[in-house]
Amino acid sequence: MDSEWVIDAQGLEKSYGSGASRFDALKGVSVQIAPGETVAIVGKSGSGKSTLMHLLALLDQPDQGTLQVAGKDAKSLSKRAVNELRNKEFGFVFQQFFLTPNVSVLDNVILPLKIAGMGGKERRRRGMEVLEQLELADKAGNKATTLSGGQKQRVVIGRALVNAPRVIFADEPTGNLDTATGAVVEDILFDLNRSQGITLVIVTHDEELAARCDRQIYIRDGLVVSHATSTHTGAHTLTTAGGAA
Amino acid sequence: MRTKDLVATAISNTFRSKLRTTLTVLAIFVGAFTLTLTNAVGAGVSQYVDAQVGALGSPDVFIITQASDATAAGDGPVKYDAASSASVSSQQGPPGTTTKALTDADLATIGDTAGIVSVDPIRSVQPDYIEYDSGTPYEFSINATSAVTTADLTAGAQLDGGATETQLMLPDTFVAPLGFASAEDAVGASVSIGITDILGERHVVDATVVGVSLESLLAAGAGANDALIAELADAQSGGIDTAVTSYGVAVAHFDTALSADAVTALKGDLATAGYSASTIEDQLGAVQTVINGIVGVLNAFAVIALIAAAFGIINTLLMSVQERTREIGLMKAMGMSGGKVYTLFSLEAIVIGFLGSAIGAGVAIGLGSALSAVLSQGLLSGLPGLNILLFEPLSVAFVIGLVMLIAFLSGTLPAQRAAKQNPIESLRYE
Numbered sequence: 000m001d002s003e004w005v006i007d008a009q010g011l012e013k014s015y016g017s018g019a020s021r022f023d024a025l026k027g028v029s030v031q032i033a034p035g036e037t038v039a040i041v042g043k044s045g046s047g048k049s050t051l052m053h054l055l056a057l058l059d060q061p062d063q064g065t066l067q068v069a070g071k072d073a074k075s076l077s078k079r080a081v082n083e084l085r086n087k088e089f090g091f092v093f094q095q096f097f098l099t100p101n102v103s104v105l106d107n108v109i110l111p112l113k114i115a116g117m118g119g120k121e122r123r124r125r126g127m128e129v130l131e132q133l134e135l136a137d138k139a140g141n142k143a144t145t146l147s148g149g150q151k152q153r154v155v156i157g158r159a160l161v162n163a164p165r166v167i168f169a170d171e172p173t174g175n176l177d178t179a180t181g182a183v184v185e186d187i188l189f190d191l192n193r194s195q196g197i198t199l200v201i202v203t204h205d206e207e208l209a210a211r212c213d214r215q216i217y218i219r220d221g222l223v224v225s226h227a228t229s230t231h232t233g234a235h236t237l238t239t240a241g242g243a244a
Numbered sequence: 000m001r002t003k004d005l006v007a008t009a010i011s012n013t014f015r016s017k018l019r020t021t022l023t024v025l026a027i028f029v030g031a032f033t034l035t036l037t038n039a040v041g042a043g044v045s046q047y048v049d050a051q052v053g054a055l056g057s058p059d060v061f062i063i064t065q066a067s068d069a070t071a072a073g074d075g076p077v078k079y080d081a082a083s084s085a086s087v088s089s090q091q092g093p094p095g096t097t098t099k100a101l102t103d104a105d106l107a108t109i110g111d112t113a114g115i116v117s118v119d120p121i122r123s124v125q126p127d128y129i130e131y132d133s134g135t136p137y138e139f140s141i142n143a144t145s146a147v148t149t150a151d152l153t154a155g156a157q158l159d160g161g162a163t164e165t166q167l168m169l170p171d172t173f174v175a176p177l178g179f180a181s182a183e184d185a186v187g188a189s190v191s192i193g194i195t196d197i198l199g200e201r202h203v204v205d206a207t208v209v210g211v212s213l214e215s216l217l218a219a220g221a222g223a224n225d226a227l228i229a230e231l232a233d234a235q236s237g238g239i240d241t242a243v244t245s246y247g248v249a250v251a252h253f254d255t256a257l258s259a260d261a262v263t264a265l266k267g268d269l270a271t272a273g274y275s276a277s278t279i280e281d282q283l284g285a286v287q288t289v290i291n292g293i294v295g296v297l298n299a300f301a302v303i304a305l306i307a308a309a310f311g312i313i314n315t316l317l318m319s320v321q322e323r324t325r326e327i328g329l330m331k332a333m334g335m336s337g338g339k340v341y342t343l344f345s346l347e348a349i350v351i352g353f354l355g356s357a358i359g360a361g362v363a364i365g366l367g368s369a370l371s372a373v374l375s376q377g378l379l380s381g382l383p384g385l386n387i388l389l390f391e392p393l394s395v396a397f398v399i400g401l402v403m404l405i406a407f408l409s410g411t412l413p414a415q416r417a418a419k420q421n422p423i424e425s426l427r428y429e
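So the sequence lines, in the order shown, correspond to chains D and Z. FYI, numbering that gives the first Met the number 0 numbers position 57 of the first sequence as 56, with every residue one higher than the one before it. FYI, numbering that gives the first Met the number 0 numbers position 152 of the second sequence as 151, with every residue one higher than the one before it.
Errors might be hidden in some of the hints.
[Stated by the list, open to error] Here are the simulated DSS-like cross-link-like pairs (lysine-lysine), alpha carbons at most 30 Å apart as the crow flies:
| # | chain 1 | residue 1 | chain 2 | residue 2 |
| --- | --- | --- | --- | --- |
| 1 | Z | 17 | D | 78 |
| 2 | D | 71 | Z | 339 |
| 3 | Z | 3 | D | 120 |
| 4 | Z | 419 | D | 78 |
| 5 | Z | 339 | D | 120 |
| 6 | Z | 266 | D | 142 |
| 7 | Z | 17 | D | 74 |
| 8 | Z | 17 | D | 26 |
| 9 | Z | 17 | D | 120 |
[Claimed, not checked] In silico negatives: residues of chain Z with every beta carbon more than 10 Å from chain D:
| # | residue |
| --- | --- |
| 10 | 21 |
| 11 | 335 |
| 12 | 415 |
Note that these hints are calculated values from the structure, not bench results. Glycine included, C-beta positions come from ideal geometry on N, C-alpha and C.
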C-alpha cells in the first residue's frame, strides 16, 4: 500500500532552539501525496508550511515522525542516497530565482545534471530540450541577469525540470511576479503536471493558486487544520485528519 | 559532479570577481617571484662553486697531509725527534701554518692502505714567465694540483696525466696577450716556460698547449701534466739531489666504486695511521654552507611573503563563500554533497595559487634571465662562468607546487565553511 504514495509522512514534528526560545514549527503533521497529484500547502508565514516542505523534500530531518519517499524510509537512507534522491527525483522552484549571475541561461538550467555527473554533450542536449519546451531556446546563450522576471522564473522551472524529476517542490513560485507573468508560470507548472505526470507540491499563501491544485492542506501553528479536495478532481480522497499526534 | 566539471567550475568562479582575484594573485605573485629568484641565485652560485670544485680536483681524490700534532697551548715546546720532525713550509696548508712533511716512506704507507689506488706527492714549481713564438714574456704560475683537476674548458682537451709529452692548460686570459687569435688557435701551440733554478741559473722548458680553461676562483694559475711538472721540477732543482725528499701535500686517488660511508671509513684508517685526508668537498664544505645559509635566509623572506599572501587567499575565499551563500545552498539542495562543495572551494584556492605562482615564476624567469645576461657582461664579468641566476625547471616546478600547496591549505577554512552550510539556512528569504 505504502508505495502507492510518492511521499508518505506520519506525525512529523520539528522544533528550533531550546529552552525558553524553543519554537515548535511542526507539532505532528501527517501528509500523503500520490504520484501525479498537485498539492498546495497553504498557510500564513510562520505557520510551518515552509518547514513542512523542507522536511518532505529531504532538505531537513524531522525530530519525530516517519517519512517515506517512493517507498523508502528516509531515515534509513545514507547522506549520499538522500543527495542522489534529491538530485534525481526532486526539482525545486523558489520564490527567489537563485540563478547564478554572469553564467549563461543554459548553464543555469543544466546545473542539476552537472551535479549528477552527466557528460557535457548529453547535458547540453537535455538543457536545450527543456529550454525549447519553455520557449527560451533563443536565450540559451544569454547571461541570466539580462532576463525579465517571468523569463527568469521560466529558467528556474527549466532547472527544476531538466533532471526529469518525479516531484517538483515550488515555494511561493509566483510570489515575486506580477499577476500576468505569475499566471503564465502557473500554467506552465500545471501543464507539466498534466502532460508529464509530474507531482507538484506548491507552498503558497495565495488562495487562487491553491485552488488550482487537486488538494489543499491548510497549516496553522504547526498543525494541519483542514484538508480540502477541489471539485475538479475526485481522484484522491482525503486520507488523514490533522491534529496533534 | 565530475572532476573535470569541478575544475572547470572552479576556474570560471575564480574569474567572477576579477578585481578581488587579481589583488590576491598579485600578493602571491610577489612571494612566488621572490622565491623563484632566490632559488635561482642559490642554484647559480652553487653551480659556479661546483665548477670551481671541479677545477680544484676530481671527486675521487684525497688531499693528504701529516696530521698536525695536537699541541695544546699549555704543553710547552715539543721535543725534537729526527724521525718525525721534518717540517716544510708549504703553500698547500692553511695560511700561516706549517705542515709537517710527508716522506717517501709515508707515501708508501698511504699507497698500501686498502682502498687507495695511487698516491702522488705534489711538487710545487715556480716558473718565471711564459712566452710564445719569441713574443713578450708574461709572468705566470702553475697550479701544483692541476694534474688531478678537471678544468673548465673553453677549447681543447683536458690534461693527460699519463702522457710523456709536456702538456700545458692555458688560462684564457693569456690567449690574447701571448698573440693567439683565439682559444682554438692556442690549442696545439708550443710555448716556452722560463724557470730559475736554486743556483740562480735560467732554464727554458717547452710545452704544448692542450687546452684553454676559464680562470677559476679557487685554483689560480695554469695547469701542467705530470711530465711537465717533473721537467720543471728537475730544472728548478738545478740537477742537485736535495737528499731528503719531503713534500707538504700528497694527492691520493681512491677507488671510485667506494660508497660515501666507505670513503669516511678510509679517512678514519688514514687518520689512525697519522695522516689527515680530506676530499675537495670537505675543503669546500664551509663555502657551500655559507652560500646555503644566505640562500636559506633569502628563501625565508620569500616564504614570509607567501604566508602573508595565504591570509589574502583566506580572506578572498571567505568573502566569496559569504557572497555565494545562496548558490552553495542551492547546489546542496540539488544534491551536491558537502565533500564536493569542499573540493570546489579548495580548487578555487589552488587555481588562485597556480595563477600567482605561474605568473610570478614566469616573470622571474624572464626578468632574471635578462638581468643575469646584463650582470655577466658588466658587474660580474670578473667571474667568468658565473651565471648568477640559474633557473632549474625542477626548482621552478617545486616553487609552483609549494605555492599551490600553501593556497590549498589556506582554502581549507573557507572551503570547510562552505561545505558545512545548511541549504535551508542559505535559502531562507523571509
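Verification of the supplied hints:
| no. | hint | verdict |
| --- | --- | --- |
| 1 | Z:17 / D:78 | 35 Å, violated |
| 2 | D:71 / Z:339 | 25 Å, holds |
| 3 | Z:3 / D:120 | 13 Å, holds |
| 4 | Z:419 / D:78 | 13 Å, holds |
| 5 | Z:339 / D:120 | 22 Å, holds |
| 6 | Z:266 / D:142 | 76 Å, violated |
| 7 | Z:17 / D:74 | 44 Å, violated |
| 8 | Z:17 / D:26 | 48 Å, violated |
| 9 | Z:17 / D:120 | 29 Å, holds |
| 10 | 21 | 16 Å, holds |
| 11 | 335 | 5 Å, violated |
| 12 | 415 | 17 Å, holds |
This entry does not satisfy hints 1, 6, 7, 8, 11, going by the numbered hints stated previously.
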